[in-house]
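Participant: In case you want the letters, here they are:
Protein chains: 2
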Amino acid sequence: MKVFKIPEATVMRLSIYSRYLRQLIEEGVETVSSGEIAAGVGVSSAQVRKDLAYFGEFGTRGVGYKVEDLYGCLLKILGLDRRWNIIIIGAGKLGSAFALYQGFLDRGFTISAIMDVDEKIIGSELDGVKIEPLELLQQRVTEKNITVGVITVPAPAAQDVTDLLVASGVKAILNFSPRVLKVPNDVILRNVDLSVNLELLSFYLALNNR
Amino acid sequence: MKVFKIPEATVMRLSIYSRYLRQLIEEGVETVSSGEIAAGVGVSSAQVRKDLAYFGEFGTRGVGYKVEDLYGCLLKILGLDRRWNIIIIGAGKLGSAFALYQGFLDRGFTISAIMDVDEKIIGSELDGVKIEPLELLQQRVTEKNITVGVITVPAPAAQDVTDLLVASGVKAILNFSPRVLKVPNDVILRNVDLSVNLELLSFYLALNNR
Numbered sequence: 016m017k018v019f020k021i022p023e024a025t026v027m028r029l030s031i032y033s034r035y036l037r038q039l040i041e042e043g044v045e046t047v048s049s050g051e052i053a054a055g056v057g058v059s060s061a062q063v064r065k066d067l068a069y070f071g072e073f074g075t076r077g078v079g080y081k082v083e084d085l086y087g088c089l090l091k092i093l094g095l096d097r098r099w100n101i102i103i104i105g106a107g108k109l110g111s112a113f114a115l116y117q118g119f120l121d122r123g124f125t126i127s128a129i130m131d132v133d134e135k136i137i138g139s140e141l142d143g144v145k146i147e148p149l150e151l152l153q154q155r156v157t158e159k160n161i162t163v164g165v166i167t168v169p170a171p172a173a174q175d176v177t178d179l180l181v182a183s184g185v186k187a188i189l190n191f192s193p194r195v196l197k198v199p200n201d202v203i204l205r206n207v208d209l210s211v212n213l214e215l216l217s218f219y220l221a222l223n224n225r
Numbered sequence: 016m017k018v019f020k021i022p023e024a025t026v027m028r029l030s031i032y033s034r035y036l037r038q039l040i041e042e043g044v045e046t047v048s049s050g051e052i053a054a055g056v057g058v059s060s061a062q063v064r065k066d067l068a069y070f071g072e073f074g075t076r077g078v079g080y081k082v083e084d085l086y087g088c089l090l091k092i093l094g095l096d097r098r099w100n101i102i103i104i105g106a107g108k109l110g111s112a113f114a115l116y117q118g119f120l121d122r123g124f125t126i127s128a129i130m131d132v133d134e135k136i137i138g139s140e141l142d143g144v145k146i147e148p149l150e151l152l153q154q155r156v157t158e159k160n161i162t163v164g165v166i167t168v169p170a171p172a173a174q175d176v177t178d179l180l181v182a183s184g185v186k187a188i189l190n191f192s193p194r195v196l197k198v199p200n201d202v203i204l205r206n207v208d209l210s211v212n213l214e215l216l217s218f219y220l221a222l223n224n225r
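Same order as they appear, the protein sequences are chains A and B. For reference, each letter of the first sequence is one residue, going 16 to 225 in our numbering. For reference, each letter of the second sequence is one residue, going 16 to 225 in our numbering.
I should point out that these hints are in silico values taken from the structure, not numbers from a laboratory. A couple of the hints might just be wrong.
Copies of the same chain are indistinguishable here, so a pair counts whether it falls within one copy or spans any two.
Distance condition first, Cα-Cα at most 30 Å in a straight line; then the derived DSS-like pairs of lysine-lysine [said to hold, decoys possible]:
(1) Lys145 <-> Lys65
(2) Lys135 <-> Lys108
(3) Lys65 <-> Lys197
(4) Lys81 <-> Lys197
(5) Lys159 <-> Lys65
(6) Lys65 <-> Lys135
(7) Lys135 <-> Lys159
(8) Lys145 <-> Lys197
(9) Lys108 <-> Lys159
(10) Lys145 <-> Lys20
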């Protein structure tokens, strides 16, 4: 399977398509056309076909895609046919929200550890996972085979936490802090800066009011 | 200023550049080159120059950009030279985290209203804003001149809440629910699905382990 040079936007849409396919499965739908997927998620059907074409031939012309098969393929492409263990650093509001977020629980991700520096919350639990002191980070990453770190600490602490995660062997980081972080080339970093998303809205709103 | 057909990825990078420039201002830095911005945020310097070129000539060859001036220009481009009023629907963990998030407080956004359906939390406050019943949505949007809606309700309620926001005149929506939403063409929708971001990581992790 040729999966190099897939645009990031395509991968994000695959994730969204797969979510939509799951809705269809829940609704008992068995086949779907690219046009129906397109309408369901708000892109063009040409875009759906182009995105899926990166990964070979799915579906049958005139018949469409078998929902369950396509869903299974997308899960595999997205790396969701296995388990990924997550460590959350920062058990404040945002970290807690992330820990309790239901959207990914059935999609291959397990929250294996939650760390904080605040002694008032260390020892309490979030969704069955105990909040532990930051000092145990390296040990937990190793013994729980953790590959994904989620950073929900205040901005000034974010780079130090990143360095700790990298040193402990974490290979992918989701950064919620409003800070530009540095990581080595072999570590994947995604910034989920809430501001960036909000500022995309203000950009388009301002555009309409110029 | 020609601002049509700007790629979304460019707008997102402008937001990140502007954040980095603010860091530089805090550090007392007065001028910066495209190479330094590039290194600071982890893109190529050609990318920085290309992104900025959409909006005309900034900077001086061999001297670079005046940090304060460029920051001011970017804020204007991003529509952050004015105030945007936000309504949050859903005051659970995620809504609360968003309401208390510090990243955008000084960037032109004001949380003007927070709604929920849970009588146990209606009447309590989040960062000085009272949580009110969903029935007051239309009224609050009108009287507080709200243009941005943030959806942090469970997935099954998301489309109904979206329809309410659209009917009340909100023109931009940030959707955190793991649900594909439908909006009219004149409403801007951004999905900040935490799963999508996590699944980008698993895609790349799986790619390295195929």
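Participant: For every hint, state whether the structure bears it out.
Facilitator: Consistency of the hints with the structure:
1. Lys145 <-> Lys65: neither (44 Å within a copy, 47 Å between copies)
2. Lys135 <-> Lys108: Cα proximity of Lys135 and Lys108: in one copy and across copies (14 Å, 19 Å).
3. Lys65 <-> Lys197: between (33 Å within a copy, 22 Å between copies)
4. Lys81 <-> Lys197: Only across copies: Lys81 and Lys197 sit 24 Å apart there, 42 Å inside one copy, limit 30 Å.
5. Lys159 <-> Lys65: Answer is neither; intra-copy 38 Å and inter-copy 43 Å both fail.
6. Lys65 <-> Lys135: neither (51 Å within a copy, 48 Å between copies)
7. Lys135 <-> Lys159: Cα proximity of Lys135 and Lys159: one copy only (25 Å, versus 38 Å across).
8. Lys145 <-> Lys197: within (29 Å within a copy, 38 Å between copies)
9. Lys108 <-> Lys159: both (24 Å within a copy, 26 Å between copies)
10. Lys145 <-> Lys20: neither (39 Å within a copy, 48 Å between copies)
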